[in-house]
Amino acid sequence: MSESKAQRGNFFEDFAVGQVITHATPRTMTQGEVALYMGLYGPRFAVQSSEEFARAIGYPRAPIDDLLVFHTIFGKTVPDLSLNAIANLGYAECRFLRPVYPGDTLSASSEVIGVRENSNRTSGVVYVRTSGCNQNGDRVLDYVRWVMVRKRNPRASAPAPVVPKLAERVAPSELAMAVPPLNVAGYDHAVAGAPYRWGDYAAGEKIDHLDAMTLEEAEHQIATRLYQNTARVHFNQHAQARLVYGGVVISLARALSYNGLANAFHIAAINAGRHVAPCHAGDTVYAWSEILERAELPGRTDIGALRARLIATKNRGCADHPLRTSAGAYADGVLLDLDLWLAVPR
Amino acid sequence: MSESKAQRGNFFEDFAVGQVITHATPRTMTQGEVALYMGLYGPRFAVQSSEEFARAIGYPRAPIDDLLVFHTIFGKTVPDLSLNAIANLGYAECRFLRPVYPGDTLSASSEVIGVRENSNRTSGVVYVRTSGCNQNGDRVLDYVRWVMVRKRNPRASAPAPVVPKLAERVAPSELAMAVPPLNVAGYDHAVAGAPYRWGDYAAGEKIDHLDAMTLEEAEHQIATRLYQNTARVHFNQHAQARLVYGGVVISLARALSYNGLANAFHIAAINAGRHVAPCHAGDTVYAWSEILERAELPGRTDIGALRARLIATKNRGCADHPLRTSAGAYADGVLLDLDLWLAVPR
Amino acid sequence: MSESKAQRGNFFEDFAVGQVITHATPRTMTQGEVALYMGLYGPRFAVQSSEEFARAIGYPRAPIDDLLVFHTIFGKTVPDLSLNAIANLGYAECRFLRPVYPGDTLSASSEVIGVRENSNRTSGVVYVRTSGCNQNGDRVLDYVRWVMVRKRNPRASAPAPVVPKLAERVAPSELAMAVPPLNVAGYDHAVAGAPYRWGDYAAGEKIDHLDAMTLEEAEHQIATRLYQNTARVHFNQHAQARLVYGGVVISLARALSYNGLANAFHIAAINAGRHVAPCHAGDTVYAWSEILERAELPGRTDIGALRARLIATKNRGCADHPLRTSAGAYADGVLLDLDLWLAVPR
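Protein chains in written order, with numbering that gives the first Met the number 0: chain A, 0 to 345; chain B, 0 to 345; chain C, 0 to 345.
Any given hint might turn out to be false.
Identical copies go unnamed one by one, so any copy, or any two together, can satisfy a pair.
Claimed, not checked - BS3-like mimics (lysine-lysine), calculated; alpha carbons at most 30 angstroms apart, straight line:
(1) LYS4 - LYS150
(2) LYS150 - LYS205
(3) LYS205 - LYS4
(4) LYS4 - LYS164
(5) LYS150 - LYS164
Since the hints were derived computationally from the structure, they do not count as laboratory data.
Next up, chain A with everything else stripped away, as it sits in the complex (with noise of 0.2 angstroms):
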């Protein structure tokens, strides 16, 4: 039937343990992108943003900011893994494996690594391990993800679950592996914008980063469409009220975290990483961080690794930190819980 043309997406029944799933569309990046990166969120990391800074610490040139890659590879899956999700339910051992500069072309599969069918059987959550690679074939990181999909037909009986087991953080040895060995000595602190390095951050620290930005739909449509990522909830209006992006609100926080960050100037890792509330245009993001550890890097003496929890909250600041309720719940306002390892010059 001609129908059938028009991919409808998977289904929970569809996926099995095991399975590869080679994703669509391979994406050239270049500077075009970076420069729209720039002007959706502003960031201002100084190795990202500067050739004249990165090559002067090391890397052959400006790398792409991580989560630019990250967004782009992501994007790929939506149309095999999550066009019939209901919930996006979390990240684990998300690692940043080598740099990507402009000119790169990204590509993304995926593997099955758990199903399990909910209770009310019309529904059930899928695992993925999702690898990007750049054009020679290199792995440029991996991710395991895990959403919860409609099942096509309720009645459909469902393979026994599996559900994998998964590491509450990477482990410093598999950190910073796309940080060339870095010349620390030509690491500029006053043009980096901060003078602290990471001996200067201490676990248990929190820094309200803030700044805020409001978020329209133009924005959030655009930065969604440049990752190719189609999943319906962003677009269409007119069939229920255009739900933002997670990756928008990451990519927000992160800008924001620049400041009292600024040297922090790699995601190095995703630990964890759960969307607590929808966010929609209109909403102000602000950001807040709390370091939650500090690691050495086996064998580098150029860069350490900060262990930090990154949270977005919509329409209230973070001076007071917000985080849980007293009753343990997520308090009000609290839209991301971001675990990451960031590097940072030592």
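Based on the hints, put chains B and C in the right spot on chain A.
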């Protein structure tokens, strides 16, 4: 007089058959334009998205989206042709003659090929054949367009009417000159996003493209300025509700058509085109296609042509393929009726 | 204290005459920035739009729009100079000293050249001379700016007032250093869009630029982030109605001025500039110019300079050249009063 240095555009009586107009402001197309076009529409055709994919099938590099070329050339003509237009009536005989790559510089000229005063004597229809050229003077596209233009002076006498005879469709022998000989074995359907080749489509087949996008003022304004199209009706809310440039609807419908026509990677021709109803910010655009004809291309075994009718609607889905009422008028919500030749691997 | 890692910006008492501030985050300008600037404002000056046009007249390649350079340098100064500003009072002596091309990396520094406490003792005016440099350390522009900045502590004692003496206008001998010797014979007026050369303009001439653009929140936010300008007043609707960055109005007015000044391809200097009234999303910007003076440039027969007053208004047309009321105040709706030197082929 000083005031005359600001141009108010041409009126009906300024046009004469045979007149050739050089349009201002040549434009170098870069990866910046390509990325912004991606952010505005989100197309997913692999040939334009990936340098690697394009090279694997025989392009020297990824070509620029056909419609970005079309809109750029079209935009240049606006100050001379349609600043005083009442309506953009139609397109015909639009052929894409050479690929355009980042770094190419586009310029435009038009020849007036017809004029016909309206019976009310306050306006008339002007027919032009517009050509776009690259920096070597090679034509990259040409098309016929006709617009209804105000008269400066209703009492001005009108020239004898000349109405050009236009082809109902571009002949298959004139198609796909912008496509180099392809190595179809290098065309990876998994990566392109769908298994369907030229021979898998049949005349009469209808495809609901399922997805939809709600348009914002900022989006259509950014798009229209990107094309250096200065028509006032798109930009000045103080004077009147802003009308979305019809080309924005064309690009959105084309991007949506990926879902069902993923391998129709090149628009080989626009046989006819009509903006049936106005589109405003806030409208949600849907699309469907009907395959009208399948044609072999003389001398080519790599690709074939599909003639398709691409219909865009606003604020209504396309599951029932809306087009005409039983009385023959366009159905409510139909925005665009476009007759295209598409190139598809065999 | 951890909180201090997030910067709250400098206050009046943090500035002292002679102090030199290195601003953070150098920025490599690419064709991505150029394309996005085009999408945000739609300028049509041929020199910046076409590599071929630029080369035909003697540039090695198309230079980046002067105002994109200005806003990028300006943006870098915001975290140090104007995060606690009450008002951006004026600009003077802004000279464009070298062309900037895609691939150049810009950085900024400022010297404090004046301070004067206000009589209310809660704020003061700070005068700085800001320089922008490229990756070779060559200055590409410099300008003086003065802002009214809050005091941290109203009871803090103030330094002796120093108010710099500023030139009423940049001297013709200092103009157009950013313009290489031009081959004016290669300047194609048909393609540039208008026949008028330097000698065709006369002091006293007034030009209504006719066109207008309505500004959207997404547009000014994307623009302002593109410049990495983080001033909170532009981005946080939760705290207060967002104010459009004045540079957005300048760029819009400049783009509109093409219609009447198509060959004024380069801003050679900003002699003075004042944001007369606030601009918000939803406002429609119109513009007109008055030619104030025509100057030869010492040693140059290729180009001459026009001194022009560029006025932008909101929500009113400029056919009557609005500027002052009979009482001498700015007329209702006037947004911007800019005194420019423009380079024009002779």
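- Query: Broken hints, numbered, in rising order?
  - Reply: Structure breaks hint 4 only.
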